[in-house]
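Construct all of the structure, not just a fragment, from the sequences and the given hints.
Protein chains: 2
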Amino acid sequence: VSSSFSSALPKTLINGESCDSLAVSDRGLAYGHGVFETIRLCQGRLVLWEQHMQRLQQGCERLGIDMPKHLGSELMKEVLRLCGQDAEGVIKIIITAGSGGRGYASPPVIDSQRIVTLFPLPEYPADRAEGVDIITCNYRLPLNPKLAGMKHLNRLDQVLARAEWQDTAIAEGIVCDTDGMVVEGTMSNLFAVKNGVLLTPDLEQAGVKGIMRDFILQSADAIGLESREVSLTIDEFKQADELFLTNSVIGLWPIKQWDEQRFYKGLTTGVFQARIEQLLNEGS
Amino acid sequence: VSSSFSSALPKTLINGESCDSLAVSDRGLAYGHGVFETIRLCQGRLVLWEQHMQRLQQGCERLGIDMPKHLGSELMKEVLRLCGQDAEGVIKIIITAGSGGRGYASPPVIDSQRIVTLFPLPEYPADRAEGVDIITCNYRLPLNPKLAGMKHLNRLDQVLARAEWQDTAIAEGIVCDTDGMVVEGTMSNLFAVKNGVLLTPDLEQAGVKGIMRDFILQSADAIGLESREVSLTIDEFKQADELFLTNSVIGLWPIKQWDEQRFYKGLTTGVFQARIEQLLNEGS
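Here the protein sequences come in this chain order: B and D.
Counting in my numbering, the final residue of the first sequence is number 284, and the numbers go up one at a time with none missing.
Counting in my numbering, the final residue of the second sequence is number 284, and the numbers go up one at a time with none missing.
These are computed hints drawn from the structure, not numbers from a lab.
Among the hints, a few may not be true.
The calculated lysine to aspartate or glutamate pairs, modelled on DMTMM-like cross-linking and capped at a C-alpha distance of 25 Å, are [what the hints assert, rightly or not]:
1) D:146 x B:179
2) D:92 x D:277
3) B:256 x B:130
4) B:265 x B:204
5) B:151 x D:277
6) D:146 x B:74
7) D:146 x B:111
8) D:146 x D:167
9) D:146 x B:235
10) D:256 x D:236
11) B:146 x D:204
12) B:146 x D:167
13) D:146 x B:164
14) D:146 x B:226
15) D:69 x D:214
16) D:11 x B:20
17) B:209 x B:242
18) B:11 x D:20
19) B:146 x D:259
20) D:92 x B:20
21) B:146 x D:164
22) D:146 x B:202
23) D:238 x D:260
24) B:265 x B:226
25) B:11 x D:111
26) D:11 x B:111
27) B:11 x B:74
28) B:146 x D:202
29) B:92 x D:20
Structure (structure tokens):
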């Protein structure tokens, strides 16, 4: 926990009130009927805020949760209240379908709940920007187009995949789907550069479409680098020239070792790292 | 809500304390990292209590949640406190992995949380014991042997399947897996009788192994009726001589209409209904 973190402020707001517990009847707990976002607070700015709000809205729509149009500005106010003078941290926003009865059927009127929590920025080793060691998980992600791409609250797949290693020298584990195709890391998206083309797994059947993943794909477009969403095996990914991981909190970590194989941080990876630095420092 | 329900008593205990809200940092909410049971309270007895406790224990083991050996007797005491003089109702027990940080990795020591809630018995139309109308859902369950069979808190599949109909005349929807094989109802298990053999979907890849499903399979054994766990399509199931649904709260509902097709309550279905009546009335 960062020592600069001002502990006097409330750390969680539920529907705008300082509170840190939720009704046990909430469908978020009962069924995982909800979505969440993890947003980087950097130099007092909320990085890619609009994109996070858009994904939250889309997730709510897919799960039949009413998210009022003005909720984005409401959430922004609440986040600013929570942050106070803090300039660095991680904001987690959960929207649940609210309290229901005991059955799976949603009540006729959904009274969605919003939970906003401020966490200190996790203290990862500084050298992760130079490269990380990763492994391949044995756990396989099921194919489910109706839930694919979404950051919903049903995350047992990630919990079980992440439980495969305890060694803190391992930064991430890569997970395949039940067909053996690479999907993502347990908490990050995977990118490869091969013969001058940017590759990342297609997420139509499984996985979470990260906001930082979108930013990388758009950046590739902006710099004229061809990108493709692909369905490839672990062995095929390991033939790449460069490999890296992204998420909204870590930014970008180059991969320097994947299972037994060594990789080197390449030029294209450096270009994306610089773009993320720019995003974090200048907000563009 | 049943009018005989004594509203003065607490309705929820968390870790034995009267309380109806849970920390938002709980992994049950964040990831659905937990399991639950729904137990019938009938004539003051907790039906198939030991079996429910056993499934709870097995689910916790599969999800890396520490469930102390004495927890069964602890839960029993808490349930009896909640029930007071109430003789009829539904007990829901949730065990979560407890509070963790922001990541998928479980903390080194899991401080599991237990939530016990008493609900009134749902008031289904009385004629459902004579037969119900059901539909086939479009939603497909993903194949995931690591989670199959378990009553865990990741239930978006059931929420989305159940959202396909609002007509209260439809009692249940049958859901297939992504391979097109029948798995279960959204809240019940499916049985068929065909040529004197009891059939029910194999649940090694998807679905919840209901406690009442186990009771039916054991009852079949006890009365010398052959049973098989099978992988069949909707059309194949519809060729059965008898069809019925089970769960711990409803007991058994014969199927009288499935999509466009009419069915009739058969003799074998009646035998199982009688056994469940006996279980509820005499506890054997």
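Now the hints, each set against the structure:
Restraint check for residue 146 (chain D) and residue 179 (chain B): the C-alpha separation of about 15 Å stays at or below 25 Å, so the hint holds. Pair hint residue 92 (chain D) plus residue 277 (chain D) holds up; C-alpha atoms about 21 Å apart against a cutoff of 25 Å. A C-alpha spacing of about 8 Å is found between residue 256 (chain B) and residue 130 (chain B), which places the hinted pair at or below 25 Å, so the restraint holds. For the given pair, residue 265 (chain B) sits about 28 Å from residue 204 (chain B) by alpha-carbon distance, which is inconsistent with the 25 Å threshold.
Between residue 151 (chain B) and residue 277 (chain D) the CA atoms are separated by roughly 44 Å; this puts the pair beyond 25 Å, and the hint is violated. As the CA atoms of residue 146 (chain D) and residue 74 (chain B) are separated by approximately 40 Å, the hinted pair breaks the 25 Å bound. Taking the CA atoms of residue 146 (chain D) and residue 111 (chain B), the gap is about 33 Å. The hint is violated against a cut of 25 Å. The suggested pairing of residue 146 (chain D) with residue 167 (chain D) is violated, with an alpha-carbon distance near 34 Å, which exceeds 25 Å.
About 24 Å separates the Cα atoms of residue 146 (chain D) and residue 235 (chain B), which keeps this hinted pair within 25 Å; it holds. Pair hint residue 256 (chain D) plus residue 236 (chain D) holds up; C-alpha atoms about 17 Å apart against a cutoff of 25 Å. For a cut-off of 25 Å, the pair hint linking residue 146 (chain B) to residue 204 (chain D) stands: about 21 Å separates their Cα positions. A C-alpha spacing of about 23 Å is found between residue 146 (chain B) and residue 167 (chain D), which places the hinted pair at or below 25 Å, so the restraint holds.
For the hint linking residue 146 (chain D) to residue 164 (chain B), the alpha-carbon distance of about 13 Å falls within 25 Å, and the restraint holds. At most 25 Å may separate the alpha-carbon atoms for a hinted pair to count; residue 146 (chain D) and residue 226 (chain B) exceed this at roughly 37 Å. In summary, the hint linking residue 69 (chain D) to residue 214 (chain D) is supported, as the alpha carbons are separated by about 23 Å, within the 25 Å threshold. For a cut-off of 25 Å, the pair hint linking residue 11 (chain D) to residue 20 (chain B) stands: about 21 Å separates their Cα positions.
Under the criterion of a C-alpha separation no larger than 25 Å, the hint pairing residue 209 (chain B) with residue 242 (chain B) is consistent with the structure, at around 21 Å. The hinted pair formed by residue 11 (chain B) and residue 20 (chain D) meets the criterion: a straight-line CA distance of about 21 Å does not exceed 25 Å. The hinted pair formed by residue 146 (chain B) and residue 259 (chain D) meets the criterion: a straight-line CA distance of about 23 Å does not exceed 25 Å. Distance restraint check for residue 92 (chain D) and residue 20 (chain B): the Cα-Cα separation of roughly 23 Å lies within the 25 Å cut-off, and the hinted pair is therefore satisfied.
With a C-alpha separation of about 13 Å, the suggested pairing of residue 146 (chain B) with residue 164 (chain D) holds against the 25 Å cut-off. Distance restraint check for residue 146 (chain D) and residue 202 (chain B): the Cα-Cα separation of roughly 23 Å lies within the 25 Å cut-off, and the hinted pair is therefore satisfied. Proximity of residue 238 (chain D) to residue 260 (chain D) is assessed by CA-CA distance (about 10 Å); at most 25 Å being required, the pair is judged to hold. Proximity of residue 265 (chain B) to residue 226 (chain B) is assessed by CA-CA distance (about 19 Å); at most 25 Å being required, the pair is judged to hold.
Taking the CA atoms of residue 11 (chain B) and residue 111 (chain D), the gap is near 21 Å; set against the 25 Å cutoff, the hint holds. Simply put, residue 11 (chain D) and residue 111 (chain B) have alpha-carbon atoms about 21 Å apart, close enough for the 25 Å limit, and the pair holds. Straight-line distance between C-alpha atoms of residue 11 (chain B) and residue 74 (chain B) comes to about 17 Å, which keeps the hinted pair within the 25 Å bound. Annotation: proposed proximity of residue 146 (chain B) to residue 202 (chain D) holds, straight-line Cα distance about 23 Å (limit 25 Å).
The hinted pair formed by residue 92 (chain B) and residue 20 (chain D) meets the criterion: a straight-line CA distance of about 23 Å does not exceed 25 Å.
Taken one by one, the earlier hints fail for this structure at numbers 4, 5, 6, 7, 8, 14, listed in ascending order.
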